[in-house]
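**Student:** The listed protein sequences correspond, in order, to chains D and S. When we follow the working numbering, the leftmost residue of the first sequence carries the number 1, and every step to the right adds one. When we follow the working numbering, the leftmost residue of the second sequence carries the number 384, and every step to the right adds one.
Each hint should be verified, as a subset may be incorrect.
Covered stretches of chain D (in silico footprint by chain S; criterion: 3 or more residues with CB under 8 Å from a CB of chain S, positions within the stretch not fixed) [unchecked claim]: (1) 130-141; (2) 210-217.
Among the chain D residues that face chain S by a calculated CB cut under 10 Å, a handful are [stated by the list, open to error]: (3) R41; (4) R43; (5) A47; (6) H84; (7) L260; (8) H261; (9) R276; (10) R319; (11) G323; (12) S325.
Since the hints were derived computationally from the structure, they do not count as laboratory data. Just so you know, even glycine gets a beta-carbon here, dropped at the ideal spot from N, CA and C.
These are the residues of each chain, in order.
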Amino acid sequence: MRSSQSRTNEGSVTGAPLVAAPAPPTRPAGTPPASRPVGLRKRWLVAGVFAVLVALVAGVSLGPVSLPAGSVAAELLNLIPGVHLDSGLTEREIAIVTELRLPRVVLGLLVGGLLALAGGCYQGVFRNPLADPYLLGVAAGAGLAVTAVIALGGAGRQGSITGLPMTIPLAAFAGSLLAVTMTYLLGGAGGRSRSPTMLILAGVAVSAFLSAGQTYLLQRHSDSIQPVYSWLLGRLATAGWHDVLLVLPYAVLTTVVVLLHRRELDVLAVGDDEARSLGLHPQRSRYLLIAAASLGTAAAVSATGLIGFVGIIVPHTVRLLAGSSYRVILPLSLLFGAAFLALTDVVARTAAAPTEIPIGVVTALLGGPFFVLVLRTARRVFT
Amino acid sequence: MSREPTAAADRATGAGAAGVPAVEVRGLHVSLDGTPILTGVDLTVAAGEWVTVIGPNGAGKSTLLRAIGGLLSAQGAITLFGTPSAALRRRDRARVVATVAQSPVVPPGMSVLDYVLLGRTPYIPPLGRESAADVAAVHDVLARLDLSGFHRRELATLSGGERQRVFLARALAQGATLLLLDEPTSALDIGHQQEVLELVDQLRREHGLTVLATMHDLSLAGEYADRMVLLADRGVVAVGTPEEVLTEHLLATHYRASVRVVPGTHGPLVVPVRPQRSGT
């Protein structure tokens with residue numbers, strides 16, 4: 001069936017390992033031509049970009065003043081330098097597009113993409129399909145810090161969430177990072193047996209500890225319950241361009257670091273020993289990825305509060321529909337997460353107009369049943 | 384040649400150099416969480432040889448393989464094809480040694496082709512992607528292991544024997560000349576055990592691979608190994624041909640097993656025999 005002379009053929013200089021050199025150009029007959037590795041298919045990438053564009057136009061068009069989608073699209077194209085289209089919108093309508101709605105939609109896209117990407121990243125790093133961006137204490141840390149600022153600092157006493165001072169995003173950011181650092185240190189306290197599971201357990205402990213502190217503060221300062229909960233439930237309402245600029249650098253950093261490691265996450269999926277024997281440094285990759293995802297999550301939380309479910313629903317849906325490789329999951333989670341949150345925001349501000357529903361409530365209401373539906377129609381991956 | 388040739392990797396894969404052993408271990412000490420697992424282990428595996436490590440549970444067989452594969456830190460000297468293992472960069476070591484763990488993780492949803500392609504990782508630049516040559520190399524390996532029809536199948540849906548061949552394919556895709564196999568047949572029925580071991584032996588002969596394995600089935604181990612190493616009490620207690628290591632006396636002493644050893648065509652056969660009850 002096969003000759004035993006490959007030891008001497010091709011003048012192999014490496015002691016005839018099976019495939020140490022790139023294979024010779026002639027493939028064995030019968031190799032199927034269409035056997036490329038499962039990578040990101042073009043149509044999915046196109047679908048993701050399309051979803052983002054739809055969310056962008058829908059998000060800017062829909063609202064108390066309804067604007068025609070075509071005009072909005074033209075006005076959005078006008079933002080590209082060198083493009084001058086006549087959108088037919090009045091000065092006031094243009095201001096609504098560029099100053100009110102666009103920053104809000106862009107922030108929604110950024111935060112949605114970040115949360116979904118971070119969720120997908122955590123799921124890979126911890127080899128745990130239930131991992132979400134708040135796993136390592138980000139939510140509890142931000143919650144305690146924001147509660148402390150509101151309750152003790154008197155911020156938000158006016159009762160209006162729109163008047164939140166800059167200290168709140170700063171507190172949320174600092175609180176998140178502090179919590180993740182505590183989780184790191186505690187999770188590493190196991191010494192040699194430092195494992196992903198230790199980190200998850202440390203995250204649970206840190207979250208419980210910080211949540212207890214938050215509950216205590218709220219109970220002592222009951223007048224701050226309303227503003228704290230407004231923040232906890234997430235909001236895009238006050239978004240201006242400065243919010244976008246605050247999140248953007250972290251979004252870029254996180255996205256670049258995580259996407260560059262998408263193949264390494266596939267290697268990590270087969271186990272640490274295997275990754276190590278394949279020449280990787282699993283612990284180093286894992287910590288770098290956790291740091292990047294945590295930083296992105298903290299930035300998202302500081303701008304919009306706690307928006308749940310995005311980091312679990314989106315990567316899972318992508319996994320079920322498009323494939324389980326992280327080379328597929330991560331870029332598509334970024335795109336569909338962005339589109340998902342921007343569209344959810346449309347629902348949040350139009351469903352019960354003129355009042356807005358907190359976006360975290362909408363993501364949970366939409367996300368839960370949607371997730372169940374996806375699970376029921378495509379459960380093969382989990383069985 | 385490999386895409387990123389380095390002097391160390393060249394030396395390490397230069398198994399052709401006569402007399403350079405594939406593995407040379409001197410004074411190996413390994414402790415896990417402060418507990419000594421191996422103390423003062425010496426071991427030499429010649430290039431092209433098949434050496435099987437046996438020993439009772441907890442003797443440190445897997446630990447020895449993991450130390451040689453560079454998967455855990457150890458004290459002592461480990462030399463691979465003449466190059467100190469510590470001097471090899473991770474990627475270079477991965478081109479020289481391939482490890483198949485006792486029960487590798489089977490990631491859900493991953494196809495056979497994608498899984499075996501992970502074996503090309505040491506040839507793919509960090510943060511890079513597989514080239515067409517990598518894909519061709521993997522199809523080559525799959526064809527050799529009669530897995531061509533399986534490349535689109537999900538790894539998780541394969542039977543135990545098929546999976547073991549895929550794990551082997553991943554290790555072979557690494558292009559390493561030294562294979563470390565930790566209990567390669569422990570999850571298989573007797574027919575598939577033979578099938579996998581025959582395959583390993585055939586690949587070894589065709590491609591000049593060196594095999595260092597751990598096994599529990601002593602008869603099977605003896606039939607395939609050139610030499611055997613008996614590990615017990617944190618160290619090597621016997622080294623030699625299967626006939627020299629698989630003796631009733633050694634097995635009774637170190638396994639506390641009551642066995643009969645009978646000669647077979649390819650090596651001694653170890654048959655467990657129920658011990659005589661005392662007092663009857």
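**Student:** Can you give the numbers of the hints that this structure goes against, from lowest to highest?
**Tutor:** 1, 2, 3, 4, 5 and 6
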